[in-house]
Amino acid sequence: MTETFGRRDFLKTAVVGGAAAAATGIQEAQAQQPAAAAAPPAAAPAAAPPATYEFLNLEEAAFVEALVDHMVPADHLSPKGTDLGVNVYIDRALAGAWGKGDRLYLQGPWKRGVPNQGYQLPLTPAELYRAGIAATNAHCRKTFGKPFDQLDAAQREQVLVGLSTGKITFDDGLPARTFWGTVYQTVQEGMFADPIHGGNRNKAGWKMLGFPGAIAVNREHIVQYRDKPFPHEPVSIADMS
Amino acid sequence: MATKLKEVDVVIVGLGWTGGIMAKELAEAGLKVVALERGAMRTPANDYALPGIRDELRYAIRKDLMMNTARDTLTVRNNPTQEALPMRRLGSFLPGEVVGGAAVHWSGHTWRWTDMELKVRSMYEARYGKKFIPDDMTIQDWGISYAELEPYYDRFEYVAAVSGKAGNLDGRIQAGGNPFEAPRKRDYPLPPLNQVLSGVMFTEAAKNAGYHPFPRPTANASQPYTNPDGAKYGACQYCGYCQQFGCEANAKGSPHVAVIPFALASPNFELRTHSWVNKVLKDSDGKRVTGVTYTNVLNGEEFEQPANLVLLCAYALNNVHLLLLSGIGQPYDPNTQQGVVGKNYCYQTGVGATLFFEGRHFNPFMAGGGTNVTFDDFNVNWDFDRGPHGFVGAYNVSAAHNTGAPIAYRPLPAGTPQWGTAWKEARVKWYQGAMGIGASGSVMANRTNWLDLDPTYRNAFGHPLLRMTFDYKANEQKLGQHAAKVVNDLARAMKPTHLNEAKARASWTVVPYQSTHNTGGAIMGTTPRDSVVNRYLQSWDCHNLFVLGACAFPHNSSYNPTGPVGALTYWALDAIKSKYLKNPGQLVHA
Chain A
0 MTETFGRRDF
10 LKTAVVGGAA
20 AAATGIQEAQ
30 AQQPAAAAAP
40 PAAAPAAAPP
50 ATYEFLNLEE
60 AAFVEALVDH
70 MVPADHLSPK
80 GTDLGVNVYI
90 DRALAGAWGK
100 GDRLYLQGPW
110 KRGVPNQGYQ
120 LPLTPAELYR
130 AGIAATNAHC
140 RKTFGKPFDQ
150 LDAAQREQVL
160 VGLSTGKITF
170 DDGLPARTFW
180 GTVYQTVQEG
190 MFADPIHGGN
200 RNKAGWKMLG
210 FPGAIAVNRE
220 HIVQYRDKPF
230 PHEPVSIADM
240 S
Chain B
0 MATKLKEVDV
10 VIVGLGWTGG
20 IMAKELAEAG
30 LKVVALERGA
40 MRTPANDYAL
50 PGIRDELRYA
60 IRKDLMMNTA
70 RDTLTVRNNP
80 TQEALPMRRL
90 GSFLPGEVVG
100 GAAVHWSGHT
110 WRWTDMELKV
120 RSMYEARYGK
130 KFIPDDMTIQ
140 DWGISYAELE
150 PYYDRFEYVA
160 AVSGKAGNLD
170 GRIQAGGNPF
180 EAPRKRDYPL
190 PPLNQVLSGV
200 MFTEAAKNAG
210 YHPFPRPTAN
220 ASQPYTNPDG
230 AKYGACQYCG
240 YCQQFGCEAN
250 AKGSPHVAVI
260 PFALASPNFE
270 LRTHSWVNKV
280 LKDSDGKRVT
290 GVTYTNVLNG
300 EEFEQPANLV
310 LLCAYALNNV
320 HLLLLSGIGQ
330 PYDPNTQQGV
340 VGKNYCYQTG
350 VGATLFFEGR
360 HFNPFMAGGG
370 TNVTFDDFNV
380 NWDFDRGPHG
390 FVGAYNVSAA
400 HNTGAPIAYR
410 PLPAGTPQWG
420 TAWKEARVKW
430 YQGAMGIGAS
440 GSVMANRTNW
450 LDLDPTYRNA
460 FGHPLLRMTF
470 DYKANEQKLG
480 QHAAKVVNDL
490 ARAMKPTHLN
500 EAKARASWTV
510 VPYQSTHNTG
520 GAIMGTTPRD
530 SVVNRYLQSW
540 DCHNLFVLGA
550 CAFPHNSSYN
560 PTGPVGALTY
570 WALDAIKSKY
580 LKNPGQLVHA
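From first to last, the protein sequence lines are chains A and B. FYI, numbering that gives the first Met the number 0 numbers position 85 of the first sequence as 84, with every residue one higher than the one before it. FYI, numbering that gives the first Met the number 0 numbers position 112 of the second sequence as 111, with every residue one higher than the one before it.
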């Protein structure tokens, strides 16, 4: 891969508040608005190695890098998505067994069904991702004249809101919200799965939450730390190996 | 052409709790026993060991220990007007696929179902009249009483290392236990687990509201324990990786700890893993079965294993599937209401609220599979009058943390941004500051909820998939609304900073995960007209075939099913050993 990918700094100047979940019916007070733009990064990220990809092509890599850095901006809580390795996690997941449809029943006939019947596309996760990126970029080109990774932060925000709320539909018939659901889940996995899977670099996702990771025993902790902070550096599978 | 093997005394299909108990006991009784298990051998020392077992992605998200839906799944729909479509990956429920079955990755919650279930129709009719039960609600008495099952519940609790506190010892109510439970002869083998903060707060709030909370009985050993057979358990470490994981501490009551090692130690027992049973073979007179055919999934080779006694011990749904594929018993037809195989499939309903408390430290990652507190005031409490509410059934209410594994555990107040810095801030704040209150509700059998064979989709062996037609009916919707109100009132009384309210489920969906509590389809009863098996779980059609597990339940309660699954297995075992083997034939003459 070349240096041109994953080196975009839109977020340094943009306030990224994220989109309110529109699908929920309850009008709760929203979480506090971010004071993030001015805040220093949580930690100077360790120099991330240049990302290399098993599955993603150049356009897909650019899309995923832009996506994870928009969804997970660098702020006082964590480094940005690419510095966490979320892009690498996604690539490895798509290149691996899960991406290729391991454990997925892939026999036809193929019917749309109703939402209660769950996933019904004739696509492996890798195929869904590939088709979804192409369709999202087609939408972006039609709407903004350029692909997702070349949009500014406000435009990216608009696209993600459109995907997550179903306002965007794809011309080629791919269900946009199914694509979004997979994207969203893989971003979560890339932030919070054990680092052996390629994301959550330096356990930064766990440190952010205060999750202790692969801790062996809590038998003595459960009463001692009831309603108290648990000051424990997270341990990963590699740390314990 | 299948290779015909030498006949054995007993063939067991599936090696989880029911198969493991049968394998141990019948091999030790001197019978030649073969178990056929579709999955692989896994052992705690080799497979559930630290640190690899602490991998949320592998086990909880990718479901490494569970049924592979690429090879075999089922089709699902809510009603007969829909076309059933394949469950293409796991979601709502999670059958297992290794030696030990789903009891490797379960949480351990172990209940005694009472006569309110076992005599459901007669008790409701006696109290409310026949008209209270809707015409399409096909509930029936089970043909067995709590008093008959009590010694077998006891045996299972002591085998499985259940931690809990008795609430009713021989009719004497015990402080700290469940005052509504049916009388038991002795306490649990182990004291309850330690409580987590959410359980402590819930206990106080429930007591203030006049309810009767108690620590949930669970097969997580609260202390090191040796069971009556000599199986050794370690103590629960509250690791927060219980459900969907194997236990590295050997603290979870699982058949690969409690019973299967004894079977494997017996020269009378042989385990064949990677063995996919396709069919149970009927004798020419149709009154006996002669064995099973199976495929070695490592090379595709087919075998016939003749046996004098066939025990179906697979997951509830798979037992029903095998009966249908084998043509044993008359398939249920919801139009004519004739037939029994596939009848009375049930699931569970439930509601959940999430409470957010500013400044609290719940430490959700310090928890056991059963660190729950529950109250049964709307459950096995027969003084709770269902009459004004117009539903049959019950729900239990509970709270706890069981895991804080962070890919899946992401509580957020409704309306929180889904990404960006504001999302991260909320994620951090509420990861420590949230707890849930949930209610698990029963589902009564209905004539249009059933299992049969799918007309279109097939598994990797070329056989039709099982088809599930299921939805919640008005009865369950009313129950859910009652539960949601109780949960929300209690939650509000706890004065959370934010509350995501509980809502009744209107319709069943195959995603996301709800519970692996599928019941019915090969139900027990008092006559061949209304049941597949008799009170000893013996097939009415073929006397040397027994069908174990929750497929025998004529309806589903609000409780987790493993307590009666274990008790009925020991009950059936006793009947096999003390009656059937001495005089093979029908144990019940209808």
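It should be emphasised that the hints constitute simulated quantities derived from the structure, not laboratory data. Each residue gets a CB set at the ideal place from its N, CA and C atoms; glycine is no exception. One thing to keep in mind: the hints can contain errors.
Said to hold, decoys possible - Stretch-level coverage of chain B by chain A, calculated; a stretch enters the list once three of its residues show a Cβ under 8 Å from a Cβ in chain A:
#1 116-127
#2 132-142
#3 193-200
#4 203-215
#5 332-342
#6 425-434
#7 449-460
Stated by the list, open to error - Each pair of labels, with its calculated beta carbon distance range:
#8 A:Q184 with B:S514: 17 to 25 Å
#9 B:D284 with A:P114: 43 to 51 Å
#10 B:S514 with A:G172: 33 to 41 Å
#11 B:S283 with A:W109: 13 to 21 Å
Stated by the list, open to error - List time: in silico DSBU-like cross-link candidates among lysine-lysine, alpha-carbon distance up to 30 Å:
#12 A:K227 with A:K141
#13 A:K145 with A:K166
#14 A:K110 with B:K472
#15 A:K166 with B:K502
#16 B:K472 with A:K227
#17 A:K227 with B:K31
#18 B:K164 with A:K227
#19 B:K31 with B:K231
#20 A:K227 with B:K206
Outcome of the hint check:
{"no.": "1", "hint": "116-127", "verdict": "violated (count 0)"}
{"no.": "2", "hint": "132-142", "verdict": "violated (count 0)"}
{"no.": "3", "hint": "193-200", "verdict": "holds (count 4)"}
{"no.": "4", "hint": "203-215", "verdict": "violated (count 0)"}
{"no.": "5", "hint": "332-342", "verdict": "violated (count 0)"}
{"no.": "6", "hint": "425-434", "verdict": "holds (count 6)"}
{"no.": "7", "hint": "449-460", "verdict": "holds (count 3)"}
{"no.": "8", "hint": "A:Q184 with B:S514: 17 to 25 Å", "verdict": "holds (21 Å)"}
{"no.": "9", "hint": "B:D284 with A:P114: 43 to 51 Å", "verdict": "holds (49 Å)"}
{"no.": "10", "hint": "B:S514 with A:G172: 33 to 41 Å", "verdict": "holds (35 Å)"}
{"no.": "11", "hint": "B:S283 with A:W109: 13 to 21 Å", "verdict": "violated (42 Å)"}
{"no.": "12", "hint": "A:K227 with A:K141", "verdict": "violated (53 Å)"}
{"no.": "13", "hint": "A:K145 with A:K166", "verdict": "holds (19 Å)"}
{"no.": "14", "hint": "A:K110 with B:K472", "verdict": "holds (26 Å)"}
{"no.": "15", "hint": "A:K166 with B:K502", "verdict": "holds (26 Å)"}
{"no.": "16", "hint": "B:K472 with A:K227", "verdict": "violated (44 Å)"}
{"no.": "17", "hint": "A:K227 with B:K31", "verdict": "violated (56 Å)"}
{"no.": "18", "hint": "B:K164 with A:K227", "verdict": "holds (27 Å)"}
{"no.": "19", "hint": "B:K31 with B:K231", "verdict": "holds (26 Å)"}
{"no.": "20", "hint": "A:K227 with B:K206", "verdict": "holds (24 Å)"}
Going down the numbered hints, you'll see the structure goes against 1, 2, 4, 5, 11, 12, 16 and 17, while the others check out.
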